[in-house]
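J.: Single-letter residue listing:
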Amino acid sequence: MRALTRKMWRDLWQVRAQAVAIALVVMCGVGTYIMFLATLGSLRDTQASYYREYRFAEIFASLKRAPDALGLRIGEIAGVNHVDTRVVVPIRLEMPDFDEPVTGLMASLPDRGPPGLNALYLSQGRLPDPLRADEVVASLPFAQAHGLDLGDRFYAVLNGRKQPLTLVGKALSPEFVQLLRPGSVFPDYKRYGVFWMSRRALGQAYDLEGAFNDIALTLRAGANAQFVIDRLDELLGPYGGLGAYERADQRSHRFLSEEFNQLGTLASLFPVLFMGIAAFLLNVVIGRIVTMQREQIATLKAFGYGNLGVLGHYLQFVTVIVAVGVIGGTLLGIWLGQRLSLVYMAFYHFPYLQFSLEPMTAAEAGAASLLAAGAGTLFAVWRAATLRPAQAMRPEPPARYRETWIERLGVKRWLSQPARMIFRHIQRRAVKSALTILGIALGCGVILTGLFQQDTVGYMVNVQYGMSQREDLSVTFTEPTAYRARFDLLGLRGIEHVEVFRAVAVKLRHGPRSYRTAIRGLEPDGDIQRVLDARLRPVSLPADGLLLTDYLGTLLDVRPGDSLLVEVLEGNRPVREIPVVGLVKEYLGVSGYMELGALNRFMREGPTISGAYLSVDSAQLPELFTALENMPRVAGVAQRVQEIRNFNRVMEETMLFFTYVATMFAVVIAFGVVYNSARIALTERGRELASLRVLGFTRGEISYILLGELAVLTLVAIPLGLLLGYWMCYYIALALQNDLFRVPVILAPATYAFAASVVLVAAMLSGLVVRRRLDQLDLIAVLKTAE
Amino acid sequence: MTPQIDTDPAGKEAVFQARGLTKVYSMGEVEVQALRGVDIEFFAGEFVVLLGPSGSGKSTLLNILGGLDSPSGGSVRYGDHDLSVYDDAALTRYRREHVGFVFQFYNLIPSLTARENVALVTEIAANPMTPEEALARVGLAERMDHFPAQLSGGEQQRVAIARAVAKRPDVLLCDEPTGALDAQTGVLVLDVIARVNRELGTTTVVITHNAVIAGMADRVVYLSDGLVARVERNAQKVAAAQLRW
Ligand SMILES: Nc1ncnc2c1ncn2[C@@H]1O[C@H](COP(=O)(O)OP(=O)(O)OP(=O)(O)O)[C@@H](O)[C@H]1O
Ligand SMILES: [Mg+2]
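The listed protein sequences derive, respectively, from chains A and U. Heads up: the first sequence is residues 1 to 787, going by the working numbering. Heads up: the second sequence is residues 1 to 245, going by the working numbering.
Simulated from the structure, these hints should not be mistaken for laboratory data. Because the structure is a prediction, the values reported are computed rather than measured. Hints are not guaranteed to be accurate.
[Said to hold, decoys possible] Partner residues aside, some chain U positions facing chain A, computed with beta carbon under 7 Å:
(1) Val30
(2) Glu31
(3) Gln33
(4) Leu68
(5) Asp69
(6) Arg95
(7) Arg96
(8) Ser111
(9) Leu112
(10) Leu120
(11) Val121
(12) Glu123
[To be verified] Pair by pair, the computed Cβ-Cβ distance ranges are:
(13) U:Val24 x A:Trp727: 44 to 54 Å
(14) U:Gln184 x A:Gln776: 54 to 64 Å
(15) A:Thr698 x U:Val24: 46 to 56 Å
Beta carbons are placed, not taken as given, at the ideal position from N, Cα and C, and that holds for glycine.
Generate coordinates for the entire structure from the input sequences, incorporating the hints supplied.
T.: Below you can see the structure in the form of structure tokens.
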């Protein structure tokens, strides 16, 4: 081994603890990066091959009723590859094991052969016999949630008639990778399922023999999707078409895409943050090593080592540390990626998981880490390489100390001599002290980013279900219904309060931007359903005009006072203009709100409602469920507590894993930063402190000088770190927001306290290590070797 | 300026030739004239002692000769080459190929053993002796695997000399090599330097504050306030062992 390489290894060994701390930080950065990207890559691969193998459609449309012959004409649209017409209807179910309301979706399967598109993955059983009207396939999660076996029987209300069904198969479909009840963002497999039965049986039940009400199609390569959608809308319009949409707007796919985007965002945010900190630490450590090795560098140069030689020497040093971090991080990332993929697999219903890590991803992480480390150390290493040997040979001029402003404030006489030394040192090395403070602050802040999602989610639930959607039950009707249905509901026992609503599916347009959502007409001054302003105060609905979720306002680029074009997606599909009169705050979903009467007027209809929000006497709940189920027009009943429970369950299972990992990493980083700061202070001042010991200072006194400085810096860093952490959370929240949800930045006092405590504990442990080192300070060795 | 300054009386050629050499350090508004026009030659194989009061520019001159620093004005030739126009890379190559340094504070790499400190230089030299041989020359064959912290000052300085001579440099430049040593150890170190000069024929320049050492030299150059005050030739060299201070 070359002598210079040997020097590198020995120097590395000298600072091994710090090197390990930095490598750990790098490991966290690379680990999170690989974890996210491996998960993302695996899910994407799985999704792609699942979609391909099971022929997931590309364009979708629902309509009221069209003769089968129309399907053939649709097949002739230029660019259309394959057309699948079918019957899809919302249903209610009665499960023998469960007396709460259960709803679902029933889709038809072709009477001959498997579906051309959106094929089923049968995990068990078989497809229904077209001649048997009672045979169904159920979505696997539903079957599992109810413990159903093949041959089990349950009931569905099909077109108002209760009908017995027999389970013949359990299946998954590429259409329902994410299985959500309409209007809900969290899965509830016990209360919502998807079912498939033969086209003939379903068609008979709904008077749709020789007709269809739903269509899915695929495109030829290079086809113009928008053209096909426009033609499709033209053809379906007379048949009550609700507007065709692309795969990108398909619900399950949409959710998946958003999740993938979020994973991608996290995959870039956290590693960047962690790598940034690692680069910062490297910069500090290498910077100080270079400063301490000034004369060694000069000697190397005096003997003919060139700039590149010196550069290479220190880069080698950095590379070893980073390489350890990258290798460790890759292994850790793969392990965590497998865990995280499994967490996601519990929510995404893929028939299988293709876990894969692109070697390129690992290589990228490695290259990025090296680049970050290189960038972080470039200045220090460059300083070393270009050091003028003659200058470096001269001892540095003695440091210029001054009275600090703290002393000058007049508190001097209360400061002991060691305390003065502490403050003078901090002030003289203002830049380095500032860097140390910044480093510790970053470590502190990063902990908040790991934890904030948890606090935030609790807050979101509270706002969404505690302040805005405060009903006990919500009832939706199969179709728009006369206002007097309200009195039918009020007549039921156990119902204390009723607020009705009208929901209209629409496409909102503003210039080139458009968005499919619903406008909800609410009762004015309702107490159950309220819309909130930016400061979360209830807003009273304007007599006219539209309120939009603030985020939808941003998406459509509209401000109060602007006008929107509303394409109604039901009835005879009018297109009308409406003024936007205000924006409201919502964390989940985006939609438009109007006063009920105003929406009815806008729709040019009489008093019409789509459903109702109820507050009920919970003691009467079971009877009430039965009564509601027996009301002819009720399509479904949802319970708010269930939403909250589903929400919490999803959060617990996905978020907790992430929170756990991020917090662990953040703690590692905080420790790494604090420990490094303490160790560097020790190396830099070992000589000075040893001299003090020689002068007769006790161990306690010199520890006080050094650790006092660390304590002062830590105490300054913590509040700064909490502030920095808040900003980091803010940017993460900003990066994560989408139309499905926006995460507010809410940090509980306990979270701040936790972050501060971690840093304090890290500082104390580091202090102990340093203290032990100080006790072992070898006075003679320190004084003997010239620096 | 004397006419015979170009050639050594014995007819040897000049290894170094400085003409009108100046060096100005500017520190903010203040300018320090470290050298004010030095004219001097050093000849192949000779042993020169550089004397002068503190701040007279000795180290500055030596650093420029060794290619550690560049002059502000004038020229300095090494053989046929003009060092004053060398860029950083050329100076590095020059130091690597031709110069050995010994410093007052030894400047050993603390994380390397004596042997490795020497190897550091032999590894990049064209025609070096082995580290073992170099260390044997300075009488440290026994302590090759000691780290600097495990050696006395005199031993450390001998390692530094071994490191400087191991590549068989053409010139050996020593800046106060005995400055940090007691008389006895200093003599030992000077003896090693004199032997290298004698046995390898290395042109040797030694800076010292100790006028006694001048007795060892072929020539003694007195610097004063950035100028060569006078040059003396010793009719008779004294062996290091005979020096007393
Ligand atoms: N890098 C520098 N920056 C500023 N001034 C310098 C620098 N190097 C040397 N000097 C100044 O140049 C002058 C000559 O310095 P030099 O080190 O050559 O003196 P010297 O003769 O070696 O002194 P000593 O015997 O004390 O080592 C001094 O006044 C010194 O302060
Ligand atoms: Mg000097």
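J.: A separate judgement is required for each hint: does it hold in the structure or not?
T.: Hints, verified against the model:
Against a cut-off of 7 Å between C-beta atoms, the interface hint on Val30 of chain U is violated, since the closest Cβ of chain A lies about 13 Å away. For the restraint placing Glu31 of chain U at the interface with chain A, the shortest Cβ-Cβ distance is roughly 16 Å, beyond the 7 Å limit, so the hint is violated. Interface restraint check for Gln33 of chain U: the shortest CB-CB distance to chain A comes to about 16 Å, outside 7 Å, so the restraint is violated. Because the smallest distance between the Cβ of Leu68 of chain U and any Cβ of chain A comes to about 4 Å, under 7 Å, the interface hint for this residue holds.
Evaluation of the Asp69 of chain U hint against chain A yields a held restraint, the C-beta minimum of about 4 Å falling below 7 Å. For Arg95 of chain U, the suggested interface contact is upheld, since its CB lies about 4 Å from the closest CB of chain A, less than 7 Å. The closest approach between the C-beta of Arg96 of chain U and any C-beta of chain A is roughly 2 Å, which is under the 7 Å cut-off, so the hint is satisfied. Taken as an interface hint, Ser111 of chain U checks out: its beta carbon lies about 4 Å from the nearest beta carbon of chain A, inside 7 Å.
With its C-beta approaching chain A no nearer than about 5 Å, Leu112 of chain U sits inside the 7 Å limit, and its interface hint holds. This hint holds: Leu120 of chain U has a C-beta 4 Å from the nearest C-beta of chain A, less than the 7 Å allowed. With 7 Å as the threshold, the beta carbon of Val121 of chain U comes within range of chain A, its nearest partner Cβ sitting at about 5 Å, so the hint holds. Given the 7 Å rule on beta carbons, the hint for Glu123 of chain U holds: about 6 Å separates it from the nearest Cβ of chain A.
As the Cβ distance of Val24 of chain U to Trp727 of chain A is approximately 50 Å, the hint placing it in 44 to 54 Å holds. The beta-carbon spacing between Gln184 of chain U and Gln776 of chain A, approximately 34 Å, falls outside the hinted interval of 54 to 64 Å. Evaluation of the 46 to 56 Å hint for Thr698 of chain A and Val24 of chain U yields a pass: the beta carbon distance comes to about 49 Å.
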